[in-house]
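Q: If you want the building blocks of each chain, they are given just below.
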Amino acid sequence: MPLSVVPALPFLGFVMLLLLGSRLPRTWATVVGVGSIALSCVAMIIVGTQYFLSTPDFQAYREIEWTWIPFYSSKLDSATIQFAFYLDSLSMLMMGVITFVGSLIALFSVKYLDHDEGIARFFAAMNLFVAAMLVLVLADNFLVLFMGWEGVGLCSYLLIGFWYEDESTGRASIKAFITTRIGDVFLLFALFFMLRELGTLNIQEVLELANDQWAFDTTMATCVGLCLLGGAVGKSAQIPLQTWLPDAMKGPTPVSALIHAATMVTAGVYLIARTGSIFALSETAQMAVLIIGAATLLIAGLSAVVQRDLKKVLAYSTISQIGYMFLALGAGAYTAAMFHFMVHAFFKALLFLSAGAIGYSMHHNHDLYKMGALRKKLPGVFWVFLIGSSCLAALPLVTAGFFSKEFILAQVYTSPLGGMWPWLIGVAGAFITGLYSFRMVFMAFFGISKGEVSQYPDKKMYIPLFVLAALSLGAGFVQIPSVFFHVSLFTDFIGSSVLPSLSMEESIRVEWILLISASAISLCGVFLAYLLYFRLQIHDKNKQTTSSYLHRFLASGFGFDALHNFTLVRPFIFISQYLRRDFVQLFCHLVGNSAILVHQLLSAMQTGYVRLYAFAVVFGALVIALIMVFS
Amino acid sequence: MMTVEMVLYLLPMISVGATALLLMLSAAIRRCSIVAFSISLLGLLCAFVLTFFNEIPQARVTDLFVIDNYGIFGMRLILLATFVIVLFAFDYLKTKQEEVEEFYVLLMISCLGALCMVVSNHFMSFFLGLEILTVPLYALIAYFHQRSNGLEAAIKYIVLAGVSAAFLLFGMVLIYAQLGNMRFDILADNWAPMWNSGRLILLLGLSFMMVGVFFKLSAVPFHMWAPDVYEGAPLPITAYLATVSKGAMMVLFLRFYTQLHGDTVFAWQWLLSFIAILSMFIGNWLALLQKNIKRLLAYSSIAHVGYMLVALLSGNDLGASAVIFYLVTYFAATLLAFGALMLLESNQNESVTIEDVRGLFYVKPALSGCLVLAFLSLVGIPLTAGFMGKYWILLAGVSQTKWPLLICLVVSSAIGLYAYLRVGVSLFQDQAPRAEFPKAPCGVLKITLAALVVATLMLGIMPNSITTMIQGAAGSL
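Chains as they are written, first to last, in this note's numbering: chain A, 1 to 631; chain B, 1 to 477.
There may be inaccurate statements among the hints.
[As the list claims (entries may be wrong)] Derived lysine to any residue pairs resembling SDA-like cross-links, with alpha carbons at most 25 angstroms apart: (1) B:K364 - A:R26; (2) A:K175 - A:D367; (3) B:K291 - A:L597; (4) B:K364 - A:L19; (5) B:K364 - A:R23; (6) B:K364 - A:W28; (7) A:K460 - A:L39; (8) B:K291 - B:V410; (9) B:K446 - A:F162; (10) B:K96 - B:I155; (11) B:K446 - A:L523; (12) B:K291 - A:G592; (13) B:K446 - A:R23; (14) B:K94 - B:A139; (15) B:K446 - A:F11; (16) B:K364 - A:L601; (17) B:K291 - A:V610; (18) B:K291 - A:R535; (19) B:K446 - A:Y456; (20) A:K377 - A:R535; (21) A:K376 - A:Y456; (22) B:K291 - A:Q600; (23) B:K364 - A:F162; (24) B:K291 - A:L20; (25) B:K364 - A:L24; (26) B:K364 - A:L20; (27) B:K446 - B:S351; (28) B:K291 - A:Q606; (29) B:K291 - A:L601; (30) B:K291 - B:I201; (31) B:K291 - B:K364; (32) B:K364 - A:E165.
[Unchecked claim] Pair ranges (Cβ atoms, derived): (33) B:R199 - A:I575: 54 to 64 angstroms; (34) A:F630 - B:N190: 19 to 29 angstroms; (35) B:L151 - A:V591: 38 to 48 angstroms; (36) B:F428 - A:F574: 31 to 41 angstroms; (37) A:S631 - B:L42: 47 to 57 angstroms; (38) B:V425 - A:H115: 29 to 39 angstroms; (39) B:R199 - A:D212: 48 to 58 angstroms; (40) B:F428 - A:S631: 40 to 50 angstroms.
Everything labelled a hint here was simulated from the structure, so no lab data went into it. All C-beta atoms, glycine included, are put in the ideal place defined by N, C-alpha and C.
Put together the whole structure using the sequences plus the hints.
A: In structure tokens form, the structure reads like this:
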């Protein structure tokens, strides 16, 4: 089966829903919406099987669909751009996660939105998202990748603002759109640099040529690396462009699960993993990835600890977990980053969908202070949420999160680019992760009941939850640290398409120490959560006094919104208001006004009199003859 | 010497001519608009199919015509556009009281003229083709003679086209007087030796010929008739004027320019650059605040001629293929726009304005979608045909470092953007639209519009579906 079927199916679904959307009955709209993603998942499985069977060593292959921009000239031979897909183990992994998690989430949303009018609109955007995301990860060319990149941005905007009657969702979607656009400009500049310096936008060619032409740590390599990083930072909500993601939680919860946890926000991770060899050429860029990852995982983690809103906790946790992935990328541990991406997609989708199930049962209430004691009322949700949280907190041995996080931490410690300090930050992050993930569990499911459950989640909603829960527990066993017994299926698989890890071999003793100390510290975090939110129940006791400065500072996500407001938005508005009255404006008006004036002048000449027109012809002939003869 | 083989090469033209005769006969026997419509469609289809039997590198048919890939591509383009216009006409004529069979006859004859032009290699066939194309148009513009603006438009067109044809003929005569031949390829050979002695006469001849060419292309300053005639003519004929009539002249002019090695005649290049810049700017400026959509499209067609001249000036193969490709994209978008307008026009309201379509999206989303797509393509927004066309022109220009022209193209496109997007904005304005639009689209028109939408998108997304053909055509020039 051709590779193109996988993105084509959801795209067809989108076209159908777009053209027929409002006329289709509800059932048909959902059938098309879910069906196209599910069929795409089936197609992915077939393509994947063919890929595994035909290329045992996971060799990449390219499938050219058509020539997108076919024009060429002898001087500008780079102008030809193929619309082609490229499948290697990295894009295979991304494609698998997108279609599989995507179809589970689509299935979940059927019931979740069962009272909503705009379900056709929802699925149209959802299908377009899946198609664009698949184009992004399968692209063989940066221009095609960029198209997918912008497509997912558009869908994110459309879906955050799905309930557009509420003004705040509109603001949130605009914020997400504009903030990510800032990153996109950087990405665009990276593309310009590549086209100018290397004369091609084909990803594989760019990587090869960059290795050949750019020496280590040249300005150009650093420039391109930093610009790519800028794009990744915007899309993946890393510091300093992370502020849009918590606001994006205004959208429907399945959207948060798919776009703002599992797939789109990890596009930045994919981009850096894909272009790893450019980052390997520049120590500055690589270092920047590491620093951004480390800073983000701490800051977002600390903010997650004090959020009231369940979805915001998850949003900050997503930022923080992607911070881990960036940490790994910065340390050159691409495999570890991709492993954590996969595991994170499972457990974070699970957590979001559980939050969605809670919201569904409690009139879209996501306030942790209004939940409590849901363990009895929603036992099914409790168990899957517990599994998700344990996975997030990386409870040793039983959860997939444990394996992926340990993998990252071990690699960061032993990598020449990483070392002690990044490792310590990662471990501190693990402590915080343990704290906030079990804070959620204790606040929502234990203690005194503070909210009513009005309806119970449908059986169909549990199917995705159970599948994802099983994966959150089981997916880790494809990559087990060698101290237990060596399993490295994932490394063998992904290793064929990303740069090899830089880590040095360490003695078994050191590995044990790393492993045990990291897991002990995350358990400490869980224990602290147990003390504070189960034993002491501090959230019930001092409701009033919690708004200390520190608390508010953390709750606002380290005041980044205020910072942006102060450093960017306000000056921008100030300057634009200032310029409104000044001569630049005069000039701008001049352009417009003169165009209108010219228009009026010219229109006045269109009198409708034949004699004038005939005169114009004769006059024109005269001018032409003069030009020809005297030039 | 005419051989049987040569007749075979001319079969597409013969087929269209025979269709016109057949139409007259059938009307003489019994008038029936459906029969006339079917005969014209069949005739065009037959001619289109016949073009596929002529895949030859180059064949001269007498002195007058040359059948090569370029000419055949031009023929196909003309035939397809006429086919679409016949479909439009059928829908348009349904609501009219007058007898309509002659409408098809005249259209077929005019189409024959256009076909004659795209394969012409001689002043004689050039002029004859032009007149065969133009004379039926006078009648077609004034076909519904109760409409006073139709008559007015026709009179204007007759007078001005007559003047410009006179210039054209005089220019031809001057050149013939100097070079003693009228075949393009022989002219090219005689050109250089005569250059020193008869420069003045040759240049004068060329300038006068250009008047006729520019008039047909409605390039500035010979553009003034366009808005008035576009507005007065019946809508299918307006579409015909904007596409076939202009396209045939563009195809012919590109051949003429290439055959005569226009890129070596600096005076000619100066002139064309001057006209191109004027057309781009004045076309877009005139469109700026225009409310009547037909007039807006007339001004847009002026600007698009300017763009095509930029590509033509970029010389080499790339430039020629850019002209052809742009012509194709322009045809698709313009026909789409006129097709959508067909559904908005009624006998009471023959000039749809921007105010008339306000809020139309909320009543007729599909129709508005067509209109928006057409205008986006005319502007040159990515994923539409117009973008690829403009991209190719820019590429051709950049490869020849025609920077001043390209800057003018970009700046004037920005002005045009404002003009065209006003239509789009109006469609989505949240107000109740003007009185309901009476016409329910008939199935034929729906399918035609859908096909044009697909064509506009396909050319924008997968242009390689025709670029090889176009590069082959340009290569045979």
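Q: All the hints need checking, so say for each whether the structure fits it.
A: Here is what the structure says about each hint:
no.	hint	result
1	B:K364 - A:R26	holds (22 angstroms)
2	A:K175 - A:D367	holds (22 angstroms)
3	B:K291 - A:L597	holds (16 angstroms)
4	B:K364 - A:L19	holds (13 angstroms)
5	B:K364 - A:R23	holds (14 angstroms)
6	B:K364 - A:W28	holds (23 angstroms)
7	A:K460 - A:L39	holds (18 angstroms)
8	B:K291 - B:V410	holds (23 angstroms)
9	B:K446 - A:F162	violated (32 angstroms)
10	B:K96 - B:I155	holds (22 angstroms)
11	B:K446 - A:L523	violated (67 angstroms)
12	B:K291 - A:G592	holds (18 angstroms)
13	B:K446 - A:R23	holds (18 angstroms)
14	B:K94 - B:A139	holds (19 angstroms)
15	B:K446 - A:F11	holds (24 angstroms)
16	B:K364 - A:L601	violated (36 angstroms)
17	B:K291 - A:V610	holds (22 angstroms)
18	B:K291 - A:R535	violated (74 angstroms)
19	B:K446 - A:Y456	violated (48 angstroms)
20	A:K377 - A:R535	holds (21 angstroms)
21	A:K376 - A:Y456	holds (12 angstroms)
22	B:K291 - A:Q600	holds (13 angstroms)
23	B:K364 - A:F162	holds (23 angstroms)
24	B:K291 - A:L20	violated (32 angstroms)
25	B:K364 - A:L24	holds (17 angstroms)
26	B:K364 - A:L20	holds (13 angstroms)
27	B:K446 - B:S351	holds (21 angstroms)
28	B:K291 - A:Q606	holds (14 angstroms)
29	B:K291 - A:L601	holds (16 angstroms)
30	B:K291 - B:I201	violated (44 angstroms)
31	B:K291 - B:K364	holds (20 angstroms)
32	B:K364 - A:E165	holds (24 angstroms)
33	B:R199 - A:I575: 54 to 64 angstroms	holds (59 angstroms)
34	A:F630 - B:N190: 19 to 29 angstroms	holds (24 angstroms)
35	B:L151 - A:V591: 38 to 48 angstroms	holds (41 angstroms)
36	B:F428 - A:F574: 31 to 41 angstroms	holds (32 angstroms)
37	A:S631 - B:L42: 47 to 57 angstroms	holds (51 angstroms)
38	B:V425 - A:H115: 29 to 39 angstroms	holds (34 angstroms)
39	B:R199 - A:D212: 48 to 58 angstroms	holds (55 angstroms)
40	B:F428 - A:S631: 40 to 50 angstroms	holds (48 angstroms)
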